[in-house]
Amino acid sequence: MVRDVISWIFLLSGSFFCLTGGIGLIRFPEFFSRIHAASLTDTLGASLILIGLMFQAGISLTLAKLIMILIFSLLAGTTASHAMAKAALKSGMCPLDQIDRGRQPTIKSYRDQDIT
Amino acid sequence: METLIDIVLLSFLVFTALAVAKMNDLFAVVMLSGIYSLLSASWFLDLDAVDVAFTEASVGAGISTLLFLASLKLVGRYEKRTRYRPLLALGVVLVTGTLLIYGTLDMPHFGLADTPVHQHVAPRYLNDSMAEVGVPNVVTSVLASYRGYDTLGETLVIFTAGIGVTSLLRVSRRTKQEEQRNVPADMQQQIILRVVAKWMLPLIMIFAFYVQFHGDYGPGGGFQAGVIFAAGVILYTMLYGLSTTQEVFRQELLELLAAAGVLIYGGVGIVCMILGGNFLDYNVLRHDPVHGQHLGILLVELGVGITVATVMITIFFKFTWRTVKHKYIIK
Amino acid sequence: MFAATALALLVVMALALARAFLGPTLYDRILAVNNFGTKTVLLLAVMDFLSGRPDFLDIAIVYALINFISVIGVLRFFEYALQKTVEQGE
Amino acid sequence: MNIIGLYNYWIVVVLMMIGFYVVIAHENLIKKLVGLSIFQTSVFFFYISTGKISGATAPILDSRYNLYSNPLPHVLILTAIVVGIATTALGLALVVRIQESYGSIEEHEIQSQDTKDQMESQLEAYGFKKKHILSIQNLDE
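Protein chains in written order, with this note's numbering: chain P, 1 to 116; chain Y, 1 to 331; chain G, 1 to 90; chain S, 1 to 141.
For the record, the hints were derived by calculation from the structure and aren't laboratory data.
In this text, a Cβ means the ideal position worked out from N, Cα and C, and glycines have one as well.
Fair warning: there could be bad hints in the mix.
Pairwise CB distance ranges (calculated) [as the list claims (entries may be wrong)]:
#, chain 1, residue 1, chain 2, residue 2, range
1, G, Leu-7, Y, Ile-206, 31 to 37 Å
2, P, Ile-59, Y, Leu-295, 46 to 52 Å
3, S, Glu-109, Y, Thr-160, 26 to 32 Å
4, S, Gln-113, Y, Met-205, 45 to 51 Å
Modelling step: build the complete structure from the supplied sequences, incorporating the hints.
Written as structure tokens, this is what we have:
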């Protein structure tokens, strides 16, 4: 019973973080803030949900598989976010606050149709 | 809850398909079709088709997206707008759709247990396969044993497609050996990506073998394992370059293995005939029929796995070689 | 409780899908696809528990792997395309 | 239950028609292949829908369950998916070759080039010289 309650807390908080990430993905103004919202909450939310499921699984093969998913998603999610941000930066997109401070992106504007 | 997920996922699928039809940036179209296959795999899982979900997950989202992207690189990114309004096409589609929907009105409702589909051979598979074949995963026992002849045909189709792509996108042997050494590896700046991928590669390969040999007891089997193995090799190729990968996976080796997989499958059938059974009747392979079935299924799935993996790797190599050629050699 | 989590994940998937449809730049779309993929992994895991047969988690593992590979594929081929257009422009 | 009794089949029809529309109304060959794969998956959905039984579980035998969904559609569709990707790869290879020899993958451009070539060869057969038939190049405009 206690185990159930703990797992529910983990599952619910994980869902909450996933939801905030999803809202950030829609509401934020440009790519770099969006990737910030999505990837940070993604790592946290996914880990919380998987840990919640682990409490349900108990000691079994299922637990081992869940741990494997956790390792994969931690490795793959973070690396993919890094690679995306780096590729975007290299392609000439520029974070908004940098533009406010007067730095010009190499390609005219990230809203340009040329690089979409 | 199952019904709710079913409805929601199907609605997502329709929206995605509409967006695919509307967009003219083919890169976006290909990525949306990746989402489309992610969605359809979740939907397959929701409808109890675990093996199908497994296959769609590894094939649709992975290999298919990569092949489309590789060929987009060769043919250009944007679709030209059509010059006329496709009213005729719309009319044809609407009429056909209405007729089909009219046809569904006579269909038995979704989820009923006493429809004709469930009366024919399915009860036999579900009730007797444990005694006859002794494999808990009914899909595997039907795939490899009851309908083994069918699967032999499918494997041959894949092999033939591999031959077709090889002959369509062939490169002359001389250019290949001269030029390949000069091609630099791609994505050299992405150091973190390369390191992490190197870590993940052995896990992917081990997981592929797990799927291959655990297919009797859980979701999995030769088709899925082959595709996962190929995906691992493709990951390495994308990060470390074609020539590095071809040090191990030489073209001759791939061709040999692709043929060997089909030969293993057919060979098991011939051995069964020599031992006095029918073609692909594994009962005669051992003294105990159930043991014979186990051995036969193991060998057959191995053949399928080898063929699928090597054909997928070959196809990807061919496409990648074209893109490399366009970038570095035809200037 | 699994149902609530599954619902939340479906909502997030809808949001990511919307970003993939709108997303002005291609990188927004890649981000949306990646996010959608990780949410799908979670949804598959939760659905396994929901149906009471958690021995099908293999599918979620495959997803976690394939999602990574396809995002790398998109980045690789897109980088290429960009270089090509820049070369042609010069 | 009865409200959604046919919902799955209707969605299958809608998806199939979207794929069909893309195949016949769009001229870009890659787009046509994407449409073809949408069409193909709608058929997969149809098969899997018919195999489902409400309240059943996946056809992997286990002593805790006694109602399983129909395994036969799963087998057919599993192999069909892998064969589908193989044929799609073949189609993509053809598209790449078409692009290399025609310089375009738009259907009407390919066809107008074909007609032009045909007319030129016919005129040459009637004894016209190459320089006389340059003027038909603008014919498809």
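Worksheet item: Does the structure break any of the earlier hints, and which numbers would those be?
Response: 2
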